[in-house]
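*Asks:* The chain contents come next:
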Amino acid sequence: MKSAPFEHHEPTTVDEAVSLLESLDGPTILSGGQSLVPMLRFRLANPDVVVDINGIDSLDYLHEEDGYLRIGALARHADVEDSSLIDETYGSFADVAPLVADPQVRNRGTVVGSVAQADPKGDWGSILLAHDGEVIARGPDGERTIPADEFFLLPYDTTLDDTELITEVRVPTPAPREGSAYHKLKRKTGDYAMAGVAARLVLDDDDVIETARLGMTAVDITNARATDAEAHLEGERPSSELFEEAGGLAAEESNPESDEHGDAGYKERMVDVLAQRALGDAAERAGLVKRRVSQ
Amino acid sequence: MSSDHENAPEADTEYQHAEDDGPQPEKHCGHGRGGMGEEVSRKEDKRFITGRGNYVDDIKKPDMLHCEIVRSPHAHARVKDIDGSRAEAMDDVVAVLTAEDLLEHDLATMPTLMDDTQDVLVNEKVKFQSQEVAAVIATDRYTAKDGAEKVEVDYEVLDPVVDAQDALDAEAPLIRDELDDQEDNHIFDWETGDKDATEAVFDAADVTIEEDMNYQRLHPAPIETCGAVADWDPGMDKMTVHMTSQAPHAHRTLFSQVSGIPEHKVRIVSPDVGGGFGNKVPIYPGYVVAAAASFVLEQPVKWVEERSENIQSTGFARDYDMTGELAATEDGVIEGVKVDVLANHGAYNAAAQPTKFPAGFFNIFTGSYDIEAAYGSLTAAFTNTAPGGVAYRCSFRVTEAVYLIERLVNVLADELDVDPAEIRRRNFIPSDAFPYESATGWNYDSGDYEKALDKALEMADYEHYREEQQRRIENDADKLLGIGISSFTEIVGAGPGEQCDIAGIEMFDSADIRVNPTGNAVLRIGVQTQGQGHETTFAQIVAEELGMDVDNISVEHGDTDTEPYGLGTYGSRSTPVAGAATAVAARKVRDKAKSIAANELEAAEEDIEWDRESGEFHVAGAPDRSITITEIAAGAYMNHPGGEEPGLEATNYYDPPEMTYPFGSYIVVVEVDRETGEVDFEKFVAVDDCGNRINPMIIEGQIHGGLAQGIATAMLEEVTYDDNGNVTGGDFMNYLLPTANEIPNFDTGHTVTPSPHHPIGAKGVGESPTVGSPPAIVNAVVDAMNHAGVSHVEMPMTPDVVWAALDDAGLAHKPAQNVEFEFDGASGSADD
Ligand SMILES: Cc1cc2nc3c(=O)[nH]c(=O)nc-3n(C[C@H](O)[C@H](O)[C@H](O)COP(=O)(O)OP(=O)(O)OC[C@H]3O[C@@H](n4cnc5c(N)ncnc54)[C@H](O)[C@@H]3O)c2cc1C
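Residue numbers (full-length UniProt numbering), protein chains in the order written: chain L, 1 to 295; chain G, 1 to 832.
Hints are computed from structural coordinates only; laboratory data are not their basis.
Misleading hints may appear alongside valid ones.
Below, in silico cross-link-like pairs of lysine-lysine (DSS-like), each with a Cα-Cα straight-line distance of 30 Å or less [said to hold, decoys possible]:
| # | chain 1 | residue 1 | chain 2 | residue 2 |
| --- | --- | --- | --- | --- |
| 1 | L | 2 | L | 188 |
| 2 | G | 479 | L | 121 |
| 3 | G | 195 | G | 479 |
| 4 | G | 195 | L | 2 |
| 5 | L | 2 | G | 125 |
| 6 | G | 145 | G | 80 |
| 7 | G | 265 | G | 238 |
| 8 | G | 60 | G | 46 |
| 9 | G | 60 | G | 150 |
| 10 | G | 265 | G | 61 |
| 11 | G | 265 | G | 60 |
| 12 | G | 145 | G | 125 |
| 13 | L | 121 | G | 814 |
| 14 | L | 121 | L | 2 |
| 15 | G | 683 | G | 479 |
| 16 | L | 2 | G | 814 |
| 17 | L | 2 | G | 455 |
| 18 | G | 80 | G | 195 |
| 19 | G | 814 | G | 683 |
| 20 | G | 195 | G | 60 |
| 21 | G | 238 | G | 60 |
| 22 | G | 455 | G | 479 |
| 23 | L | 188 | G | 479 |
| 24 | G | 60 | L | 2 |
| 25 | G | 238 | G | 145 |
| 26 | G | 145 | G | 61 |
| 27 | G | 195 | G | 46 |
| 28 | G | 814 | L | 188 |
| 29 | L | 188 | G | 683 |
| 30 | L | 188 | L | 121 |
| 31 | L | 290 | G | 814 |
| 32 | L | 2 | G | 61 |
| 33 | L | 290 | G | 479 |
| 34 | G | 61 | G | 238 |
Listed next, with one range per pair, are the computed distances between beta-carbon atoms [as the list claims (entries may be wrong)]:
| # | chain 1 | residue 1 | chain 2 | residue 2 | range |
| --- | --- | --- | --- | --- | --- |
| 35 | L | 58 | G | 808 | 54 to 60 Å |
| 36 | L | 87 | G | 415 | 49 to 55 Å |
| 37 | L | 19 | G | 807 | 54 to 60 Å |
| 38 | G | 808 | L | 227 | 31 to 37 Å |
| 39 | G | 808 | L | 43 | 40 to 46 Å |
For each residue, glycine too, the CB sits at the ideal point set by N, CA and C.
Chain G with its partners taken away, still in its complex shape (with noise of 0.2 Å):
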């Protein structure tokens, strides 16, 4: 995908540093102010380190009621009949709302941002187990749950269809009936690339393989769970609601819809938020609820959902069924990818992702390849699970289709016995054809991705492993030697406004930079962080392009009412988008202080240049003649050039011309056992390119998380449904998240290969981990099984289900074999 833009700026290689992982250089780079490059101490930790954090949940309203939602206990049914009068009864039982009340108000449904329609409140028939039916309103949070317990409701249980196969079925359970054109539950089919010219090379490949792989249903699972406190205010006719969102302005433009309040009087306001990772993209009813509660009831209403409801019922990730083949020739030089999808979507289509992209970016299923023809095609089903599949730091289903390609390559080079990194190093684009168009279309800007598989065999010590794996093999060790690769490419950074909107709004995203007379500067961006550290990240950017310190900058965001409208914090978008704006409005300032320079300075703006090192601005050939931001700040506002306005500051609204592509070697050393199937990692190496750095110990700190996420994934994590609907995993018993003793440590790396067209020649970095890391461990542990014959383990690998392989393999052992006890004295030993 390309798009020619003329207000793309140059990206500025004055700061591009040294291309190892050397501190010293990074250090350096940000000339000790804490711009670009600098490990500057996260400035939002001291709030939340010391407990200090305003979560939704802390937020405490005069005469705030609470709001409990009713929930459907089963998956599919039909609705007859909702009595609250119990309910009602109770003394400190405000209301009981159902979608008759809504319906009133107009409210009863709400838009998914894939432009499907979601009831509010269950209308007539309930689509997924959890699914809100009704809600009642009351003066504290425990009286409305026993309220709620009280609301009867009369359900005729209906045949519902979990498989997303099942659901395509002619004779499955028709799940929308009330939409008018819907026959059964198909919902979208999609195509991409060259069918026959992927089949012609397919016919006349050397070798082919096709493997069969399931990305099982996820849920982010944020530690923060969704809540909203809606705040009608008759006086002012305006309504202020402080919620859970990773997309506040998005937010407010669709709460404006919904509800017929014009956009003006609607104030969303995303305080601290604890994680969001695509969870808190959607728009879920618990909010719209809260908000047409205290419209009608003219108090404030807190909503905050428990932990199993954010489970069962919010936007879930994955849930794809693979098949992937490649063509190569027989010395493993791939020449095509074919690769056909079922994709569940729950209930309503509600994956949050670009409109045009109906299977978001799956499109980069041709992975680091240089592959010369490649075609998809997937279909998406509806089915009685709650609905979603976009989130959990995934890039818009890019860990999807990074999974697969990187699995495809793993078999391919044991059908060829050719070793994995081999392999990879035969198919790379090489770093010398980018800007690289793959043959799905997309624009890759750029890449060394030889470099960092490299980087990453030293770090593993790769040839050591392999040994290892070798001679334990020959000993028919209890413990098997796994060794996974995987050498991903992400795309992230969506705009550009032309390609990627959410429903219908551009992708672009925000900056607004004021200096203040004193000196120092309040940054307003468009994104909003959950963690991620935009209140660090984003003040060193405006730290390095003003020379400025970056304590003196302070970052907010989250506020619609202060905030500059943006598309909001998910895809590793901040970064490559709004980070964009940050450095392009900072340029701006810092041109409009070269002519308060200049004035000060008595000399012409021509002659005027700024220091990069320093961070001053002098006149040409006088370095001493020299002032700093300070005082430019302070003659801005108290002795301004003649002809121009007061005041020192500017706004940018930045539209990328293209994505970014971040890319990564990660290398996984895990340990088999072949009594219990438990996996064991031995060596975990990270070697990552996100372009230029800006702070790189936040940098380590995402992949961190994410590769602690991307285990979860490949190990444990799991959201299960029984046939009848009933999520068997809703909760965190069975929805099992590791904890630090589930995860290793991490030897991570970096190579820099800057985005060309990036104003800093940055790119995203938080998914990087999650999308990159499963692939590398599943290829790990199929690797130690792989001599025997296995070529796939599904996800989650838990223990039987690696055992389960090395059974079929007959790999599997018993304990005893090599144990022997000595005994003492007149009894002899026990080898007599």
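One chain only, chain L, in its complex shape (with noise of 0.2 Å):
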């Protein structure tokens, strides 16, 4: 890695690390470096200053508390895999942590640092929409909520400030009736997704379903919801025929490109399928029993 010269800082605390962003000029946050190192790598980033989170040690937390799954910014995809508490619980996230990048990727990239990307062909991003998510910020004026649904705007864009950073994102701690799946698409281990669908869905006590919530990726200029989908499976209950319309209007509010990884036909389509298939492991993982009729 050949990248142009730039000043490296160490903060070991958020208030420090929020300083030196207020008073630089023009920083850069590096965590696990997975997306910047590459950038620096091609010169698509040539940032003067950069400062390093990964010595504050208080970010490294990845834990249930006060009714959410908080996410802390130095917590790597690889502990959400490896964690306890990653379970049938919480699906999408049991799904979606093996399938981001490859191991070594993993080991190294956050789950914020990913957020923070914004690359609308990551994964964490259609996560964090299906499970109505938020971001945590500390800038100078201090901390902020933002909900997932208002925190992409453009492909690496946020409204986040230049002068924060992100210390957590947070999902709340799952209903008793609820089941999330993540469904992705790739050609091979490391490739980012052709198409991935994130479901989440709370039943009622009558099977009916009270939440349904879609997170798309790689199939629009941001991770995105499918309401229109949504609105429709809320207040039905679970069936494959109802799954096939859902599928359907996903796939209709979805806006892919055509590009290397197929053309935008395809992926519409594979939305379709992606979202099936990720609303019938969510039906099930809510406690319903799935069977294929078939073969």
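Each of the two chains sits in its own frame; use the hints to bring them together as a complex.
*Replies:* Spelled out as structure tokens, the structure:
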């Protein structure tokens, strides 16, 4: 890696980091480096000043507290993958963690860095959207909570301010009859998604869908929700037909572009397929029994 | 292709072991000393595994400078001005070099291995994106890169042409306008076989089939990129270049020709090389620039490519657009084959292959089949893309030929509704027909194709999968099953020198064995390993032929100051050529050892016999009166027979009488997901025949690696360009290499059909799996959809490509159809 020269700062507390962000000229935050370092290597990013947050031990956590699953800024993808908290209850987390990049990248890259990167092909944004997640940011004026829905603006662009540091992303702990799942289509290990869909369903006592969320990867300018499909699901009982209709709606709502991952028509169709698969798994994890009826 | 060769040694048949997979006969045939057939652990692995390898980028010299190359962002552009002043003004930048500086030293251009002339640094016009435009030399590599960013180049952007067909259009921009006699982008036309006879066969045939297929542009992508450390020594007037070279001697000759430095004052060292696959056969501008800079600055200069520079500017592979046709009887007996190819050679003709064969060994498109008439025609074109064409374990275009014929045979089988295994059986060259001359005039040494196929069918449980395939079609299952076969024949081991040369140098190879007074030996060879395991395999040949322990033989390669001249390692030629040289040299040593044995044992030389089993020499009829090679070695130096030279050594330069023709049958079973187009491997059987096997474990490793590359070819890899000539597949985020997750388990097997003309009956094997597997994989995927009329799917078969074929054939599925949910309690179940 032959980057352009830059100044390297290593704060050990959040306060120190925030004051560096405020006082330095055009600082760039470095966490796992799995997006930033490739950009430095290609000289697509040429920051003069880098604030490396890897020394802020207080940001290295992944736990449940006060009704939230909280993921600190230094929790790596691999920490999620290996965590005993992450099982069927957090189905979409359990699905996504081993599907992000490859083991080497997962050992360094962070969930928060991934959200901050706001790559529409990134997987975590869809999970956050499907779980009504929040982004916690610290800046010179203190702490701010940004709903995931309001966070992503454009590819690589968010509502975060240059002087702000994300300390945490969090999602509410799952309801008793909740299930979630993530399905990702990729060409090989380490490849970004051709398309991905996160689904979350909350059922009431009559097995009726109370809340439905669908977050989509790589098929729009940001990670995006499929709100028409969600509305269609809510108030209904899960069935193949319902999920087929929801898959179709999600596909219509998606806006993929043709590229080396396939043409737009194919990607729309895959949104349909992946949404149906993810909804099926989510329903199962919410407590229903799923059966294949032929073959 | 055949030639009479007087000095071709007879194959030594003494250790032609059992012809099946049993480990037993193999383990024993090396006599426990690590000779032929033993699974000796690789001698080179200790240093690789413990991180003690010595690659070009590990080499550091005092006062060493670093070189960074400024590359063109455009594919086709005139360079109007280069301003290096901002870079030169930087503290640690030592020099900025452009074509103008090189012209002063007559180093502005270099010959390609196909006799074209390539700019070292662009003189007037850029011809492909990432072409070398200027070089910055600095005291460290970071500054060199910073400096490169400050070099300002003023380009006049021209229209590029990327596609070979477009390039041949009369209106297309002329790429090579610096060449006097070049009026268009056409490079050459080539023909092989008998056109009239082939047309006649096609006219009279019961059935003909035709298929268009593209063999996409690939890159060998060795883990180590290319690089060099050039060190001009003004005291010795000597240029030493450590470089990533698959052919150090040939590169020395070329370096000398380009630079004017006499050849004995040029030393090329190819240290540990992290994979070549043909990518490190050509000469690249970076090597020349490093050498020129060292010469001018009188300091060592290091140049090491970045990954994307490697993919975007160095020798690519394939890029053949092919149309193939077969003519057959209604019983499926193939009578004729026709092929027409459009080859994209990039901006320079730099394909690095034997001069006499502009299309390499593509001639082998008749494959494993006894075909009466064949005709092939090929046109090559310049385009605004990086030069290359021959690389990536392909034996000079055999890969494309094998893909073509193995696909066509399947298309014919589909047309006639004959099982693809059966149609191959009906057309194989019979095992008693060897040596066999093909319709394109090539002389196959030996083969038993049916045996390899039968073995593969058995290992694959072929009938079971055929039944399962049918069952799934009938049940309209979500996952279709496809079974693909490829029964390929390769042609490897160039020379003979009469027919094969690289830049005029005949493609022989060499070995030099020196036995020391204490009984161990050093073998020096003209080929060079980039991972193939030469240091082990070649030592085993010597161990076998001299009765020595393999641990007592070290193998040296890659240094032109000490090794005998050789043509290098590529095209699976090391064992066929340098392996033969090693066996012949060892036998010369053995002959001399006999006379020393006679002296030591006080017997007549005629009475001395060598016993392969014990590895000892003894007096005929008196096995007790014996002597080992260790004792003989001592005798050669301490008690040498009067009238003879002291010492115990021999050299052989081996010009092979023929090439060798390894073959095999691969069977691949895949599952195709009708919802997404994803392909999963269910079973992968590879039966190879490379003649006598020196180290089965190393062969197995070569097969595994090559199959992985075959899978990569069929499923993932492609160097893509946009219409402006921008490389869009130029890094590992976009040029997709498989990981272990993408590679299934392999069931490997083998048969043994020795080469009759090779001294140890061996054939090359390094490329077989890469050559043989892509058609098996494509055949399998097509086979899954063939019942609905799919006859071809282009590589790489990414999910979207496969899904499009499913969709066209009406086979695509949606998921919901087959799932039901059960609800508990009051609310009842979904069925009510
Ligand atoms: C080969 C490869 C494959 C990959 N595949 C995938 C994939 O399949 N799916 C996927 O989702 N991702 C993938 N990624 C990206 C990976 O997930 C990265 O880890 C992630 O995008 C960035 O996290 P990081 O911690 O490495 O952040 P960094 O690279 O350190 O930073 C990324 C960006 O976020 C900013 N940033 C980082 N932390 C903070 C913070 N706390 N507050 C504010 N801004 C911050 C940085 O300034 C920078 O702009 C892949 C990466 C590679 C190299």
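*Asks:* Evaluate each hint against the coordinates.
*Replies:* Do the hints match the structure? See the list:
1. 2/L with 188/L: The hint holds at about 27 Å.
2. 479/G with 121/L: With a Cα-Cα distance of about 27 Å, the restraint between residue 479/G and residue 121/L holds, given a limit of 30 Å.
3. 195/G with 479/G: At roughly 44 Å apart (the allowed maximum being 30 Å), residue 479/G and residue 195/G break the hint.
4. 195/G with 2/L: Violated, because 56 Å separates the two Cα atoms, which is more than 30 Å.
5. 2/L with 125/G: Distance ~28 Å between residue 2/L and residue 125/G Cα, so the pair holds.
6. 145/G with 80/G: holds (22 Å)
7. 265/G with 238/G: holds (5 Å)
8. 60/G with 46/G: Satisfied, since the Cα-Cα distance of roughly 22 Å is no more than 30 Å.
9. 60/G with 150/G: Cα-Cα ~26 Å, so holds.
10. 265/G with 61/G: Holds, at about 19 Å.
11. 265/G with 60/G: Holds, at about 21 Å.
12. 145/G with 125/G: Since the Cα atoms of residue 145/G and residue 125/G sit roughly 23 Å apart, the hinted pair holds (cutoff 30 Å).
13. 121/L with 814/G: holds (24 Å)
14. 121/L with 2/L: holds (26 Å)
15. 683/G with 479/G: holds (15 Å)
16. 2/L with 814/G: With Cα atoms ~47 Å apart, residue 2/L and residue 814/G exceed 30 Å; violated.
17. 2/L with 455/G: The hint is violated at about 52 Å.
18. 80/G with 195/G: The hint is violated at about 49 Å.
19. 814/G with 683/G: holds (26 Å)
20. 195/G with 60/G: Answer violated: residue 195/G to residue 60/G is near 58 Å, above 30 Å.
21. 238/G with 60/G: holds (18 Å)
22. 455/G with 479/G: Given pair residue 455/G, residue 479/G holds - Cα atoms ~27 Å apart, limit 30 Å.
23. 188/L with 479/G: Roughly 19 Å separates the two Cα atoms, so the pair holds.
24. 60/G with 2/L: holds (18 Å)
25. 238/G with 145/G: holds (29 Å)
26. 145/G with 61/G: Judged against 30 Å, a Cα distance of about 20 Å means the pair holds.
27. 195/G with 46/G: Not OK: residue 195/G and residue 46/G at ~55 Å, beyond 30 Å, violated.
28. 814/G with 188/L: Holds: residue 814/G and residue 188/L sit about 22 Å apart, inside 30 Å.
29. 188/L with 683/G: The hint holds at about 19 Å.
30. 188/L with 121/L: Cα-Cα ~15 Å, so holds.
31. 290/L with 814/G: holds (17 Å)
32. 2/L with 61/G: Holds - the C-alpha atoms of residue 61/G and residue 2/L are around 20 Å apart, at most 30 Å.
33. 290/L with 479/G: Status holds; Cα separation ~19 Å.
34. 61/G with 238/G: holds (16 Å)
35. 58/L with 808/G: 54 to 60 Å: holds (57 Å)
36. 87/L with 415/G: 49 to 55 Å: holds (54 Å)
37. 19/L with 807/G: 54 to 60 Å: holds (57 Å)
38. 808/G with 227/L: 31 to 37 Å: At 33 Å between Cβs, range holds.
39. 808/G with 43/L: 40 to 46 Å: The hint (40 to 46 Å, Cβ to Cβ) holds, given that residue 808/G and residue 43/L are roughly 43 Å apart.
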